[in-house]
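Chemist: These are the residues of each chain, in order.
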Amino acid sequence: MNVLVFNCGSSSLKYKLLAMPDGQELAGGEAQRVGPPTAKPPVFIHRKDGNEERREVPMPDHGVAFEQVMTVLSSEKGLGVDVVGHRVVHGAAVFSDHAVVNDQVLADLEQTKALAPLHNPPAIALVEACRQRYPELSQVLVFDTGYHATIPEHARTYALPATLRQELGIRKYGFHGTSHKFVVGEAARFLGKPLDSLNAVSCHLGSGGASLCAVVGGRSVDNTMGHSPLQGLVMSTRCGDLDPAVVMRLLAGQAGNPAPVEKLLNKTSGVLGLSGSTADIRDVAASLTQAQQQPDTMLRAWEIYIWRVRKYLGAYLTVVASRAGRRADAVVFTDTIGETMPLARWAICSDMEALGLQIDSARNAAGKELPADVATQTSPVRILAIKTNEELAIAKTSYEVMAGKNEQAQQGGAA
Amino acid sequence: MNVLVLQPGLEKTHYAMLVSNRDEAVLQGQLALAADSVGADETLAVALRDMREAAANAAPAGQIDVVAVRVIYGGEAFTKAVMVDESVVARLAKLACEAPLHVPAAVTLLQACASVFTHVPVLAVFETAFFAALPRREQAYALGESAGSEQNARRYGYEGVYHAAACAEARRQLRAAGKKPPAKVVSICLERQIEISAVAGQRPLTVTRGATPLEGVPGETTCGQIDPAIVLTLAEKKGWGPEQINRVLTRQSGILALTGKPMTLAELFASQGEAEKLAQEMLLYSLLQACGAAVATLGGLDALVFSGRYVALADTFGEALSKGLGAALASTDKVLCIKMEQSNQQLIAATAAHLVRSTQQQTDQQAG
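Chains as they are written, first to last, in the numbering used here: chain P, 1 to 415; chain H, 1 to 368.
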């Protein structure tokens, strides 16, 4: 079964065609600068067997970009599409984990737009375009919030008036769920443990967003992101945790207009705000190792970024142990920073013996072949670096859902 | 020594006359002076004069030796308690924009005290002073220069008087038990909004509250930590301005919002209902996370120390937290739980008495 996985951004559309269940990547690519014209022309990139093909194509909306993908795939042999799997950022309280598109699901999706006005509308437009042009093609939606549906009430509730919480859907949703779920599954396999007995803290440290997830019995019990992806860790351009009174002061400074404050907290804060020059924590780290003297802002940005992760790691290791009644099995690092930056793993895990972490500097520095265990042999808690693969995770879910459906249909037919 | 302690609160200012060798105040009462109202000076002076007479009458030998005023916010300018004079008032007044709720009221009160107590030293005891040495990585928010510096957005704790005394008590007990310094202590102040600080030796490494007392663990009517985006959602979806949002987050949230009725922390933990249970779980969960984060920064844990007006809840919290922490910690040593039962009033009086005595000694030495 070939699954076409879409990851839809506000002005981009990434795709991958995977042969399931073995997960072999048949083709992939990306449509850039989808939407209204920009200074640079829109580009369509298609990759197959290590070759890359680039074309300038007008793509005024995601429907046209989608059509491009289908045209390219249908022009080549063996690239037929059996199912489409979509990454959808926000499932609100309506969706947990995944859904197969039908009229009801489309109607429910409309409700999620208010909670994720930036992320969900383009993905929904794509789903609709696909349904219009290929009504017979099944579509599976996989939600970033889905894995966090198991976060208990005391961890997802904010201490705000009940009427407000109900009216505006204010609660913790949690994000990066597809990635956390994937690497937690991989960690269980790597450690040879059944998933439902795995207790861990998963650290998704991306070049953009970042979040930690507390995992008990293979399920998410907390995530550092909250109602929106703004809460929690210091990210490339997002501030993470902030005194709500500071937000009110900023709001007062803008005559009560939330738009500029939203932009400030989401686009010019975080590593970028602290360093004053780069949004990439790798640049910050690189500058610290250079011989000539660096501005103090770089060291400060590094300290604050790492400190916040360490505090949450301590908090979640405690949460996991408290719920499970025993220490976590592993801390899992993933995504760009977590996978490729041994220095960050080292800075986060060193001097954490009190909570059972002993990182092995040699194994950590050498850990380029993933998955890798970078803890010392005697460390009570394992420290793993695992490559995330959200597309594969979405393809897997889509495949399992459709395989299950076919089986049901066959059984129904036989009866 | 006879110390008159003044503690400005949100609606009223409490006063109490404390004398040497007696735990209980010989006189206490309230002035109708809110911390956030810059009251008419004359009314305030009259009220203070009346209080002065009553306090002097209640005090042994009919005398007030020192007036100690609790000041919530002293910013980076005040790192310890000080004798109030004109320059102190002027320096404090400059901090008004950093803590608009507390500083102007404190300035008014200190000025009025100086004018009423002309022959008695007046002392300002700052709650933020203990947190002046917070490491910069803990102080800072991840904001750019433009947003951060204008707003003076740095983190403080607001129960410094309690934490300082609680940690001193913990160090004393740990020393007696033969523990090597520096003591690794998590100090949990059980006030209307619980505040937690990781303290290594005498230095605080973390604190749950932030640029204002609103952040951190939810309080009796305060929301505590929320996703900052929620504030923007309220502005956008409800059309509320910053003042209305502030009212909801500081006066209508926390335990009040979760249970639907006004109740104290002590009442909450004596209650049984569904909503009350959720609120209890949320607070304990928030405490457990703060303790876990504290242990990560301390690199270990020697003791939990409890203080604050609800210090009687120490056993309830201590049991739950040591169980959770015990499961996470590599060490199998039992987590020591310590109580520091003195009130904020008593601690301020003690600080004031100490400062007056050491100043006198200095003067005597210089004279000698």
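These are computed hints drawn from the structure, not numbers from a lab. Quick caveat, the model's predicted, so the values are computed rather than measured. Virtual Cβ for every residue (Gly too), placed ideally from N, Cα, C. One thing to keep in mind: the hints can contain errors.
[Stated by the list, open to error] Subject to a maximum C-alpha distance of 20 Å in a straight line, what follows is the list of computed PhoX-like cross-link-like pairs (lysine-lysine):
id	chain 1	residue 1	chain 2	residue 2
1	P	K113	H	K238
2	H	K334	H	K323
3	H	K237	P	K263
4	P	K40	P	K14
5	H	K323	H	K339
6	H	K238	H	K261
7	H	K334	H	K179
8	H	K80	H	K180
9	P	K113	H	K180
[Unchecked claim] Residues from chain H that face chain P, not an exhaustive set, calculated with beta carbons under 8 Å:
id	residue
10	I64
11	D65
12	A147
13	A211
14	L249
15	L258
16	P262
Chemist: Could you run down the list of hints and mark each one as holding or not?
Modeler: Status of the hints after comparison with the structure:
1. K113(P) <-> K238(H): 17 Å, holds
2. K334(H) <-> K323(H): 9 Å, holds
3. K237(H) <-> K263(P): 17 Å, holds
4. K40(P) <-> K14(P): 18 Å, holds
5. K323(H) <-> K339(H): Holds, because 18 Å separates the two Cα atoms, which is no more than 20 Å.
6. K238(H) <-> K261(H): Given pair K238(H), K261(H) is violated - Cα atoms ~23 Å apart, limit 20 Å.
7. K334(H) <-> K179(H): Distance of about 13 Å is within 20 Å: holds.
8. K80(H) <-> K180(H): This hinted pair is violated, its Cα atoms lying about 27 Å apart.
9. K113(P) <-> K180(H): 57 Å, violated
10. I64: 36 Å, violated
11. D65: 38 Å, violated
12. A147: 6 Å, holds
13. A211: At 4 Å from the nearest chain P Cβ, A211(H) passes the 8 Å test, so the hint holds.
14. L249: 6 Å, holds
15. L258: This hint holds: L258(H) lies near chain P, its Cβ roughly 6 Å from the closest one there, short of 8 Å.
16. P262: This interface hint is violated because 13 Å lies over the 8 Å limit.
Violated hints, in rising order: 6, 8, 9, 10, 11, 16; the structure is consistent with all others.
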